[in-house]
Amino acid sequence: MAEAVADADLKQTPLFDLHVELGARMVPFAGYSMPVQYKAGIMAEHLQTRSKAGLFDVSHMGQAFLVGPDHETTARALEALTPSNFVELKPGKQRYTVLLNDQGGVIDDLMVTRSISEDDDGRLMLVVNAARKEIDYAHFRSRLPDNVKLEAVDDRALIAVQGPEAVAAVAAHAPKAAELGFMEAASMEFDGIDCHIARAGYTGEDGVEMSVPAGAAEAIARALLADDRVEAIGLGARDSLRLEAGLCLYGHDIDETTSPVEGAITFCMQKRRREEGGFPGDGRILAELKDGAGRVRVGLRLEGKAPAREGAEIALPEDGPVIGTVTSGGFAPTVGAPIAMGYVPAGKAAPGTALDLIVRGRRLPATVTAMPFVPNRYFRKSGS
Amino acid sequence: MTTYYSKDHEWIDVEGDIATVGITSYAQEQLGDVVYVELPETGKSLSQGDEAAVVESVKAASEVYAPIDGEVVEANEVLAEEPAKVNEDPEGAAWFLKMKVGNEGQLADLMDEAAYKAYVETL
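One line per chain: the protein sequences are L and C, in this order. Going by the UniProt record's numbering, the first sequence opens with residue 1, and the numbers climb by one from there. Going by the UniProt record's numbering, the second sequence opens with residue 1, and the numbers climb by one from there.
Check before you lean on any hint, since a few could be wrong.
[As the list claims (entries may be wrong)] In silico DSS-like links for lysine-lysine, alpha-carbon gap of 27 Å or less:
#1 L/LYS305 - C/LYS98
#2 C/LYS85 - C/LYS44
#3 L/LYS93 - L/LYS271
#4 L/LYS39 - L/LYS11
#5 L/LYS52 - L/LYS381
#6 L/LYS39 - L/LYS52
#7 C/LYS98 - C/LYS117
#8 L/LYS271 - L/LYS381
#9 L/LYS90 - L/LYS271
#10 C/LYS85 - L/LYS305
#11 C/LYS7 - L/LYS39
#12 L/LYS305 - C/LYS117
#13 L/LYS39 - C/LYS85
#14 C/LYS44 - C/LYS117
#15 L/LYS90 - L/LYS176
#16 C/LYS98 - L/LYS39
#17 C/LYS117 - C/LYS85
#18 L/LYS11 - L/LYS90
[As the list claims (entries may be wrong)] According to the in silico footprint, chain L covers these stretches of chain C (three or more CB under 8 Å from chain L):
#19 30-36
#20 58-65
These are calculated hints, taken from the structure and not from any lab test. Even for Gly, the Cβ is constructed at its ideal location relative to N, Cα and C.
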């Protein structure tokens, strides 16, 4: 039970003092001192987010802009590095994508937003993983054409509010937030403070992610936490929530060796890109799309109560050979049982396939399960 | 009956030649919500420092070590069904196992309550 208190080398987010005041247990994460849980604990925080609303400090994540002369130019530059369609991304829309290396492996997964304002033509907003920001930024800077620049943002915090009551709680201060559909974003005032709010998240619930001025982050967080529906939630519950939602954690479920096809995230690849290619590793990725990948990420539901964690081996039943590895796993509070995800050969990836997960030398029976483990509750506007 | 404590946050109550082993309140607080407990088989022979049980929280798995040598005479099967009891009553009803004391001399390696309290203060 290692201790990890505010280390001098760790960076702090603008909400650090608030976390400490709220009794958070602070741990090192991607170079930052971050709250892993508050007094309520991971289980209660997880269930709070599923039943009402949770507030997450995700200011450690990287915020940046790609800036070019016009949308088409910036979008083409991003398309050269990712397998998604950004040229046709409409103003005010957000899209999930992956930065690919030349082997078609995933350098990082990220969210990209096209501003709704015409004044911002040629700008795309990026949110990248905390542990990958320096790698991503260096990659962009080495690969972007001369007329498209990466501008890292270091004066803004990022606050996620997630759960069935999240948007109502945010809309009490920023009414326009309620008008957004899933994966839509807009700039708006939150109690008079200029914020950029996207209706998206990492929990499978309805909710928003708010990019806010660093100096106003604490006031905004306090305003939301004053609402009875909202509680502060740490990284521990963030992880169990995203696992139940079937979402990848970079560096665990996807990395530089896994392609988007293996990682089962091909929803980030729109039709034109699948037809035309023109992205790093397109040879491998298009072949995998056509013929299937050798291995694929699947969901796993364990029969007993014992969890299987990252690194546990996946084997065929009845003392069969090891065929894969668990990449994320743990107890799922909403499901009330242990769940996991991991890589298996394509022939063993069908839902219902019986497999064993090897934990401390013992074989735990598990079944391949369609993800998400808990139904998504994203707010999709009809017709969009 | 005397209670001893280990640096790994186990407690051990010795009565006659039977020792009851559990984890301390400090340990359960650090673990957070316990969701699974793996207990040893009765009759298993443990040496001091051996993995005696495993306790899993939402976040991670942690080992419970045998504070002294001994043979497992009983495991608290209630914990297999109700692991959350470890959070509710760690130093009482949520004991993990009883063992037959194999080496009484090893109790001298452990801390008494005052020493353990002082140790936790330093963490």
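Status of each hint after checking the structure:
1. The suggested pairing of L/LYS305 with C/LYS98 holds, with an alpha-carbon distance near 23 Å, which does not exceed 27 Å.
2. Restraint check for C/LYS85 and C/LYS44: satisfied, since their Cα atoms lie roughly 24 Å apart, inside the 27 Å limit.
3. Taken as a hint, the L/LYS93 and L/LYS271 pair is honoured in the structure, with Cα atoms around 17 Å apart against an allowance of 27 Å.
4. Taken as a hint, the L/LYS39 and L/LYS11 pair is honoured in the structure, with Cα atoms around 22 Å apart against an allowance of 27 Å.
5. Among the hinted pairs, L/LYS52 with L/LYS381 is consistent with the structure: their alpha-carbon atoms are about 21 Å apart, no more than 27 Å.
6. This hinted pair checks out: L/LYS39 and L/LYS52 have alpha carbons roughly 17 Å apart, not beyond 27 Å.
7. Our distance criterion of 27 Å between C-alpha atoms is met by C/LYS98 and C/LYS117, whose separation comes to about 24 Å.
8. Of the pairs offered as hints, the one joining L/LYS271 and L/LYS381 holds, with about 22 Å between alpha carbons and a cut-off of 27 Å not exceeded.
9. For the proposed pair L/LYS90 and L/LYS271, the alpha carbon gap of about 16 Å is at most 27 Å, so the pair holds.
10. Taken as a hint, the C/LYS85 and L/LYS305 pair is honoured in the structure, with Cα atoms around 15 Å apart against an allowance of 27 Å.
11. Under the criterion of a C-alpha separation no larger than 27 Å, the hint pairing C/LYS7 with L/LYS39 is consistent with the structure, at around 25 Å.
12. Proposed proximity of L/LYS305 and C/LYS117 is contradicted: the alpha carbons are some 33 Å apart, above 27 Å.
13. Straight-line distance between C-alpha atoms of L/LYS39 and C/LYS85 comes to about 18 Å, which keeps the hinted pair within the 27 Å bound.
14. A distance of roughly 31 Å separates the Cα atoms of C/LYS44 and C/LYS117; the hinted pair therefore is violated under the 27 Å criterion.
15. Taking the CA atoms of L/LYS90 and L/LYS176, the gap is near 19 Å; set against the 27 Å cutoff, the hint holds.
16. Taking the CA atoms of C/LYS98 and L/LYS39, the gap is near 32 Å; set against the 27 Å cutoff, the hint is violated.
17. The straight-line distance between the Cα atoms of C/LYS117 and C/LYS85 is roughly 22 Å, inside the 27 Å bound, and the hint therefore holds.
18. Restraint check: the Cα-Cα separation between L/LYS11 and L/LYS90 comes to about 36 Å, which exceeds 27 Å; the hinted pair is violated.
19. Counting residues of the region 30-36 of chain C whose CB falls under 8 Å from any CB of chain L gives 6; the rule of at least 3 is met.
20. With 5 residues having a Cβ less than 8 Å from any Cβ of chain L, the region 58-65 of chain C passes the three-residue criterion, so the hint holds.
In this structure, the earlier hints numbered 12, 14, 16, 18 are contradicted, and the remaining ones agree with it.
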